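As they're listed, the protein sequences go chains A and B.
The first sequence begins at 10 in the numbering used here and counts up one residue at a time.
The second sequence begins at 83 in the numbering used here and counts up one residue at a time.
To be clear, the hints were calculated from the coordinates, so they are not data collected in a lab.
Since the model is a prediction, treat every value here as computed from it, not as a measurement.
There may be inaccurate statements among the hints.
Capping the alpha-carbon separation at 20 Å, the derived lysine to any residue pairs in SDA-like fashion look like this [claimed, not checked]:
1) A:K580 with B:T147
2) B:K111 with B:K136
3) B:K136 with B:A343
4) B:K104 with A:D609
5) A:K608 with B:V400
6) B:K259 with B:G231
7) B:K104 with A:P444
8) B:K90 with A:R613
9) B:K92 with A:R613
10) A:K135 with A:A155
11) B:K90 with A:L593
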Amino acid sequence: MAKSASPKPGKGRPAPRRGAAIRTAAQKSQMKLFADDPSPAPAAAAPATGPAGKGRRGSGRRTGPAALPSLEPAAPIPAGAPVAPVTAGQRRRETAESMASRQREISVSEFFTKNRHLLGFDNPAKALLTAIKEAVDNSLDACEEAGILPDLRIAIREVGEERYRITVEDNGPGIVKQQVPRIFGKLLYGSKFHVLKQSRGQQGIGISAAGMYSQLTTGKPVRIVSRTGKGKPAHFYEIHIDTRKNAPEVLREGTVEWPHDHGTSVEMELQATYKKGRRSVDDYVAQTALANPHAAIGYTDPKGETVHHPRLTESLPHEPVAIKPHPYGVELGFLIKMLKETRARNLRGALQGDFSRVSGKVADEIAAAAGLRPEARPQNLQPDEVERLFKAIPGVRIMSPPTNCLSPIGEQLIRDGLAKMVPECDFYTSITRSPAVYRGNPFQIEAGLAYGGPLPADDLIDLWRFANRVPLQYQQAACAITRSVVLNDWKNYGLAQSRGALPAAPMVLFVHMASAWVPFTSESKEAIASYPEIVKEIRLALQECGRRLGGWIRHRRREEDAEKKRSYIEKYIPHIGIALREILGFPAKEEARVVETLKDTLERSRAI
Amino acid sequence: MARGTVQKIKDQAQDVHRRIMKKQKPSLKFPLRSLSNVKYDPKQGFLEMRGRKKERTLTVSTVKTFAQTLRMMALSKELVEQDDIATKREAYYVSKNWEECRFLEQTESDTVMDDVEALFELNREQLGFIPEEKGGEVAGRLVILDKDGDTGKTLRIDCTKFGSGAYSIPISVEHLKFETDAKFILAIETAGMFQRLVKHNYWKGAGCILVSMGGVPTRACRRFIRRLADFKRIPVYVFVDGDPYGISNIYRTLKVGSGNAAHLNEYFCVPQASFLGITPQDIVDYKLPTHPLKDVDIKRARDAIKNDPFFQHHRKWVQAMEHLLKMGVRAEQQALAKHGLNYVIERYLPEKLSHPERFLP
Numbered sequence: 010m011a012k013s014a015s016p017k018p019g020k021g022r023p024a025p026r027r028g029a030a031i032r033t034a035a036q037k038s039q040m041k042l043f044a045d046d047p048s049p050a051p052a053a054a055a056p057a058t059g060p061a062g063k064g065r066r067g068s069g070r071r072t073g074p075a076a077l078p079s080l081e082p083a084a085p086i087p088a089g090a091p092v093a094p095v096t097a098g099q100r101r102r103e104t105a106e107s108m109a110s111r112q113r114e115i116s117v118s119e120f121f122t123k124n125r126h127l128l129g130f131d132n133p134a135k136a137l138l139t140a141i142k143e144a145v146d147n148s149l150d151a152c153e154e155a156g157i158l159p160d161l162r163i164a165i166r167e168v169g170e171e172r173y174r175i176t177v178e179d180n181g182p183g184i185v186k187q188q189v190p191r192i193f194g195k196l197l198y199g200s201k202f203h204v205l206k207q208s209r210g211q212q213g214i215g216i217s218a219a220g221m222y223s224q225l226t227t228g229k230p231v232r233i234v235s236r237t238g239k240g241k242p243a244h245f246y247e248i249h250i251d252t253r254k255n256a257p258e259v260l261r262e263g264t265v266e267w268p269h270d271h272g273t274s275v276e277m278e279l280q281a282t283y284k285k286g287r288r289s290v291d292d293y294v295a296q297t298a299l300a301n302p303h304a305a306i307g308y309t310d311p312k313g314e315t316v317h318h319p320r321l322t323e324s325l326p327h328e329p330v331a332i333k334p335h336p337y338g339v340e341l342g343f344l345i346k347m348l349k350e351t352r353a354r355n356l357r358g359a360l361q362g363d364f365s366r367v368s369g370k371v372a373d374e375i376a377a378a379a380g381l382r383p384e385a386r387p388q389n390l391q392p393d394e395v396e397r398l399f400k401a402i403p404g405v406r407i408m409s410p411p412t413n414c415l416s417p418i419g420e421q422l423i424r425d426g427l428a429k430m431v432p433e434c435d436f437y438t439s440i441t442r443s444p445a446v447y448r449g450n451p452f453q454i455e456a457g458l459a460y461g462g463p464l465p466a467d468d469l470i471d472l473w474r475f476a477n478r479v480p481l482q483y484q485q486a487a488c489a490i491t492r493s494v495v496l497n498d499w500k501n502y503g504l505a506q507s508r509g510a511l512p513a514a515p516m517v518l519f520v521h522m523a524s525a526w527v528p529f530t531s532e533s534k535e536a537i538a539s540y541p542e543i544v545k546e547i548r549l550a551l552q553e554c555g556r557r558l559g560g561w562i563r564h565r566r567r568e569e570d571a572e573k574k575r576s577y578i579e580k581y582i583p584h585i586g587i588a589l590r591e592i593l594g595f596p597a598k599e600e601a602r603v604v605e606t607l608k609d610t611l612e613r614s615r616a617i
Numbered sequence: 083m084a085r086g087t088v089q090k091i092k093d094q095a096q097d098v099h100r101r102i103m104k105k106q107k108p109s110l111k112f113p114l115r116s117l118s119n120v121k122y123d124p125k126q127g128f129l130e131m132r133g134r135k136k137e138r139t140l141t142v143s144t145v146k147t148f149a150q151t152l153r154m155m156a157l158s159k160e161l162v163e164q165d166d167i168a169t170k171r172e173a174y175y176v177s178k179n180w181e182e183c184r185f186l187e188q189t190e191s192d193t194v195m196d197d198v199e200a201l202f203e204l205n206r207e208q209l210g211f212i213p214e215e216k217g218g219e220v221a222g223r224l225v226i227l228d229k230d231g232d233t234g235k236t237l238r239i240d241c242t243k244f245g246s247g248a249y250s251i252p253i254s255v256e257h258l259k260f261e262t263d264a265k266f267i268l269a270i271e272t273a274g275m276f277q278r279l280v281k282h283n284y285w286k287g288a289g290c291i292l293v294s295m296g297g298v299p300t301r302a303c304r305r306f307i308r309r310l311a312d313f314k315r316i317p318v319y320v321f322v323d324g325d326p327y328g329i330s331n332i333y334r335t336l337k338v339g340s341g342n343a344a345h346l347n348e349y350f351c352v353p354q355a356s357f358l359g360i361t362p363q364d365i366v367d368y369k370l371p372t373h374p375l376k377d378v379d380i381k382r383a384r385d386a387i388k389n390d391p392f393f394q395h396h397r398k399w400v401q402a403m404e405h406l407l408k409m410g411v412r413a414e415q416q417a418l419a420k421h422g423l424n425y426v427i428e429r430y431l432p433e434k435l436s437h438p439e440r441f442l443p
């Protein structure tokens, strides 16, 4: 996957290119526009055709006759041969050769160096947050996979103007020596991309991108210390990334004294700004503690002040189990690849063995719907046959994928966490929905809220979004969670809400999506895409929380009304007694009786 | 009358007391005070109540007003029994002794007072409360017989002898008697027009009594004109601005009473009044300078046509109002000055008075 992701210019459009090359090659000598171009035609052609040919094994049979006749490079046509210009009057500025000479592989690292915003490094404040977030994600994932209760220490030190050194240290399983350079010095290198289960990391980009940003803005290497167990040495590395080759470059390495039995520490220096308030690192750390109640997190800010978030529970979350892809979620290209690479000898076996929830019977049904024999060899299927298979899948009833790949936080821990993070509120509630499925991917929504107390009464609510226990800080408006909150009618629950806006109330709203594959809108993982199934589940969760809140608010209002009623009765009934005595002239004793009787009558009545 | 008032208050209090002791929620029944609860019968000559009532039951949310109403009734009983009076403002200050029950603004106490008035279908003078408002001014061929407050001797007040000044109508007019040979009463909206007519002794030549209403006539002013007109059986001609306010508020209230205090209209109306001017047709006939109708004017005129039983009863009025709306303008009394300051005396009034049958009803 890592390899195929690297873009190869020139590939995939061979036929028209070559046609153009023939013409332009002839013109080249005539017009002498690119005399400075030294590359001979055959050399230029090689890199262009090379990847295209090599990329697809057995392309001879599949791609068939279309590509074959023009396979000869431009070389056979003698340079300088007199050929009339095809496009008279129009100057050719480029030739295929001149262009080919500059066509080469772009390394992923180079790509992201230029497109750092795609990874969340578009401004200095965000860069600081993203770098820490990537390191924390890795640490928590590693600890949980190893079954260790995470113990994290995060520190930010100011080392110059707009320059910070960040350190994230964990008590995880450590990283074996040989892997350290690749994990931190190579993009798209990771363990989670090919596995379908809930985890924070996905692509194997994050931490190396952070390192690259650090390198780009300060020139300093990433420093890593890792130890895999007691009695083993703690390895020390300083790593640069060769952005051309997308490969690590080890500047220094060795062993050091390290006070911890096992774990990893990452340190990098970067140009950044530190700020307080919304979307700050402070908020991020606090929300991370909230979504990871099993983790203890210590955080030292640039002023040297340390906050400790102790763990709320001593038990690790249920360990998510990796699942196979569900047929409803695969795309055609992926299906082709799976069938090609399967170890099964027939189609039935391939479907049954490589997918979730496909029994022999279901496999037969799919094959029958596609008009294929279940006994067919998967590798021999023609592209149109695979496409038929692909189109047949939605028509067959298949059980929802297993949900043990998910690990929700849990209602109790969400409520406890909210009570700790947003203390002294009047009302807390939370809900964990049952798992649901979008495009074959299982997911689960959790929501919680804290209401009243010290929160500002007239402001818009604070919406805290989480995906796989990671707080989402940016791109609020683009997120399915925000969309669902805005679409929900909070007036039903006694809150104020303008059309198309978050409700205005003294409230913090927590929404978490756990999924084997969270559909982020971008690589920087800031917003969840609005699949209808996801929006629906979020709304159901919000509505349940909203109903509980509404019930409580009504209850409190009733109590306030009752209180007002009591005070009104106390205040004004005596005056009715006085007035009646003045008019009718009865004794004070009778006045007292009137007042008592009337108070009693009114207190019994329900009308206000 | 005094004993009747006290008895009515006592009966109501007795009822409240009895229901409280029966563990019921007491309630007071008020006539609904709005235009929607009045009808107009020209034989009666005033806006009558239809008898719809609203019931104010004692609940937690009404307990404050309920207590205030009862305390106001108690104050009224005390005033009547001791043959004393309190102005509306004084009553407001008395309430300051009522602790939580006190009124915060005089408008609150005025409203409760109006409620009590309507509740007993009495006027506030009978309840011992008097307004601060001035009653209006009178000049012309009239002698008023009043009594000296100390000696009880009859006083003869000759309204021809105020020179450039005028007689001021008192708050209570029931005891007054009249001597006059006037042929009609001219009720005028503005003090300015009244002054002009007085200055030139208009009443002498026209043989009439001039009354300045100063805007919407007070109850005393209405009652004064009514008693005077009844006594001598002379007509009342009304001369106001040619706009919805002059017609709908001033003239209508003088002639048939108000929708708000309909229970009192029987006494405070002048059914023999008719509308001299300025009519919408006058604006055309006399080529009067005008101002455009304001939004409130338009609303008022439409409301009169749509909701006011008096105007609805008279086709001529509906037409006149529609005429005004169609022109979209209004003209003040003083607009006649365009043709000369004394044009009103020399031309307008004589011309109009030569055809009283053309006056609007």
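Need the list of violated hint numbers for this structure, in ascending order.
5, 7, 8, 9 and 10
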